[in-house]
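Peer 1: Put together the whole structure using the sequences plus the hints.
The numbering of the sequence shown is the numbering used here, which starts it at 759 and goes up by one.
Do not rely on the hints blindly, as some may be mistaken.
Simulated pairs of lysine to any residue, SDA-like, Cα-Cα distance not exceeding 20 angstroms [unchecked claim]:
#, residue 1, residue 2
1, K890, F763
2, K873, V888
3, K787, E825
4, K890, E829
5, K787, F763
6, K873, N845
7, K789, E829
8, K890, E804
9, K780, D793
10, K792, Q872
11, K873, E836
12, K787, I832
13, K842, S881
It should be emphasised that the hints constitute simulated quantities derived from the structure, not laboratory data.
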Amino acid sequence: MQSVFSIRIENKVPAISMCREKLLSFCRKNKISKDCMFGLLLAIDELLMNIILYGYDDDEKHFIFLELIIEDKIIRTEITDDGKPFNPCEFNIPDMNTPVELRTPGGLGIFLAQKYVDSFEYSYIENQNVMKLVKSIF
Numbered sequence: 759m760q761s762v763f764s765i766r767i768e769n770k771v772p773a774i775s776m777c778r779e780k781l782l783s784f785c786r787k788n789k790i791s792k793d794c795m796f797g798l799l800l801a802i803d804e805l806l807m808n809i810i811l812y813g814y815d816d817d818e819k820h821f822i823f824l825e826l827i828i829e830d831k832i833i834r835t836e837i838t839d840d841g842k843p844f845n846p847c848e849f850n851i852p853d854m855n856t857p858v859e860l861r862t863p864g865g866l867g868i869f870l871a872q873k874y875v876d877s878f879e880y881s882y883i884e885n886q887n888v889m890k891l892v893k894s895i896f
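Peer 2: Here it is, written out as structure tokens:
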């Protein structure tokens, strides 16, 4: 059986907390393990924060769409926004062996988002960034 969660949030940082609370409720209702929930929510939080902080060149109101589908022990997540085209799959991941004080800032959130999901894809379709994440339920 399929379970679907979808939400539209404004491109403002406080919207992430509201979204996280609704996601937590959805995951609990679907009996997703705490470990699985942690990784998925971390990935989603990091990606939403990047979109909100860096995706727009104006102060206008924009919306970010998030959809989760749980089916057959898999969680499929899609995040869509109308921000500047940005492919996180092409972003240079920070060298974790370099001391923190010597690293160039940026990229750690994307690294963590990709680390905590099984599959991460990006496309730019009809002026929309579309990120697709897949995570196995354990």
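Peer 1: Take the hints in turn and mark each one as holding or not.
Peer 2: Comparing the hints with the structure gives:
1. With a C-alpha separation of about 15 angstroms, the suggested pairing of K890 with F763 holds against the 20 angstroms cut-off.
2. Of the supplied pair hints, the one linking K873 and V888 holds, its CA atoms being roughly 18 angstroms apart against a limit of 20 angstroms.
3. The suggested pairing of K787 with E825 holds, with an alpha-carbon distance near 16 angstroms, which does not exceed 20 angstroms.
4. A threshold of 20 angstroms between alpha carbons decides the hint, and for K890 with E829 the separation of about 15 angstroms falls inside it, so the pair holds.
5. Taking the CA atoms of K787 and F763, the gap is about 11 angstroms. The hint holds against a cut of 20 angstroms.
6. Proposed proximity of K873 and N845 is supported: the alpha carbons are some 16 angstroms apart, at most 20 angstroms.
7. Of the pairs offered as hints, the one joining K789 and E829 holds, with about 13 angstroms between alpha carbons and a cut-off of 20 angstroms not exceeded.
8. A distance of roughly 14 angstroms separates the Cα atoms of K890 and E804; the hinted pair therefore holds under the 20 angstroms criterion.
9. As the CA atoms of K780 and D793 are separated by approximately 17 angstroms, the hinted pair is consistent with the 20 angstroms bound.
10. For the suggested pair K792 and Q872, the alpha carbons sit about 18 angstroms apart, so the restraint of at most 20 angstroms is met.
11. Between K873 and E836 the CA atoms are separated by roughly 17 angstroms; this keeps the pair inside 20 angstroms, and the hint holds.
12. Distance hint between K787 and I832 is fulfilled; the C-alpha atoms sit about 15 angstroms from each other, no more than 20 angstroms.
13. Between K842 and S881 the CA atoms are separated by roughly 12 angstroms; this keeps the pair inside 20 angstroms, and the hint holds.
In summary, the structure agrees with every hint in the numbered list given earlier.
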